[in-house]
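With chain S held as given, fit chain X onto it using these hints.
Protein sequence lines, in the order shown, are assigned to chains S and X.
Everything in the first sequence is counted per this note's numbering, starting at 1 for the first residue and increasing by one.
Everything in the second sequence is counted per this note's numbering, starting at 1 for the first residue and increasing by one.
Worth flagging that the hints you see were computed from the coordinates, not collected in a lab.
Treat the hints with care, as some may be off.
Stated by the list, open to error - Across the chosen pairs, the derived CB separations fall in these ranges:
(1) 234/X x 35/S: 48 to 56 Å
(2) 57/S x 105/X: 34 to 42 Å
(3) 28/S x 21/X: 36 to 44 Å
Unchecked claim - In the BS3-like style, the derived pairs of lysine-lysine whose C-alpha atoms are separated by at most 30 Å in a straight line are:
(4) 64/S x 207/X
(5) 64/S x 203/X
(6) 12/S x 207/X
(7) 203/X x 35/S
(8) 12/S x 325/X
(9) 35/S x 234/X
(10) 72/S x 234/X
(11) 234/X x 64/S
(12) 325/X x 35/S
(13) 166/X x 12/S
(14) 70/X x 35/S
Backbone N, C-alpha and C fix where the C-beta goes; we use that ideal spot for every residue, glycine too.
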Amino acid sequence: MNIKILGTGCVKCNHLEAATRTAVNELGLDVEIEKVTDPAEIVSWGVMSTPALVIDDEVVMSGKVPSSDDVKRLLAAR
Amino acid sequence: MSAPTLAPTTPPSRAALRRWGPVAVAAVVWWSLYHWNRPFWDWVMFDVVGLTEGSRLGDSLHFFFYDVTKISLLLTGVIYLVTILRSFMSVERTRALLGGRRQGFGNVAASGLGVVTPFCSCSAVPVFIGFVAAGVPLGVTLSFLIASPMINEVAIVLLFGLFGWKITALYIGFGLVIATVAGMVLGKLNLERWVEPFVFETKLRGKVIDPSAGLSWDDRLQMAREEVVAILRKVWPYLLVGIGIGAAIHGWAPQDWFATHATGWWGVPLAVVIGVPLYSNAAGVLPLVEALHDKGLPMGTVLAFMMSVVALSMPEMILLRRVLKPQLIATYVGVVASGILLTGFLFNAIL
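In isolation and in its complexed conformation, chain S is listed as follows (with noise of 0.2 Å):
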């Protein structure tokens, strides 16, 4: 599993980072987080509205922060 975190670098991208690392530890998943900061990258995702998460190559949440157990939901979804 892969999760990306897209997000400019502001106070809520680091908010939803922070959720989901909790998420993915109360999980136990192993899984490699990873941050995508360039616009260009960001938008080509379909995404204009930051924070969005990105899990397996699909947007799943864009433009809120959500708290960890709706991460946890999310993740548990797939």
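Chain X alone, transformed into the frame defined by chain S:
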């Protein structure tokens, strides 16, 4: 995330009560605090502490506490409502509405949408690339990017609270005109050569996720609460400093000082020259300009100062440098600043 439940299926249910009950209680508490704000601080400052009404210290302290309370209440209430309304919009939806629009009507639409679309300045660059790569004309995109910070909810709340609805309406009206006309002018100049080439080469893949889709009322109310906390946390230092300086001016600057010293034609350009590089936000600037206006600074100069602080900010320009060449940024600042200058002159002439 819960499934979209835009309307409750069973009327007045327990779930609806649990959702709207706290909102109703908060609304009553809010109204009471707002209503009793002035009598309360009158009582505290002049009866309990024993300061003299009309004295410098008394007036300054009263102004400070009364204004901090009033502006905090206004910000809380209006941001809450605005966030709920804006949760029905998104930049993705706006882009879909603007796609294929021509110059002219497209600029008008982009300015209006700039006001109602939720937009964080940290998303300015992805939004710019996303709009241009999807075929929204450059000038139309710029109209959106000018209107969005200029006519923001914090500025509108504070203008309304401190200057009343007429000035607020004029500010919004002229803000829209500046964003529309500046975008049209920039579009006519054919400045695509000053946009970084990678913007046009960006390919959009993947399906677009619209953050405004599939939200329940509980989601919207929660977003509104979070937004109130986030904005208050961001603006409170500016607010305290702005109101503090405002309070000092209020108590110590001589009455009508600006009316006798700052009514020359140069007032407006000076306001813009000071305002553009000044990094603050509406919350810090408005209490200050209220005090300046109170001492006789003309309204056009006040509005020009405020517009230039809010609409043109150094950090946003630095962000946009990633997609715009310096020539285009300079032209952008020049065109918007000219619009603000004209607005300031016009206001000073008619008000």
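Verification of the supplied hints:
no.	hint	result
1	234/X x 35/S: 48 to 56 Å	violated (23 Å)
2	57/S x 105/X: 34 to 42 Å	holds (38 Å)
3	28/S x 21/X: 36 to 44 Å	holds (39 Å)
4	64/S x 207/X	holds (17 Å)
5	64/S x 203/X	holds (24 Å)
6	12/S x 207/X	holds (22 Å)
7	203/X x 35/S	holds (20 Å)
8	12/S x 325/X	holds (27 Å)
9	35/S x 234/X	holds (25 Å)
10	72/S x 234/X	holds (29 Å)
11	234/X x 64/S	holds (17 Å)
12	325/X x 35/S	holds (26 Å)
13	166/X x 12/S	violated (36 Å)
14	70/X x 35/S	violated (41 Å)
Going through the hint list in order, the structure does not satisfy hints 1, 13, 14.
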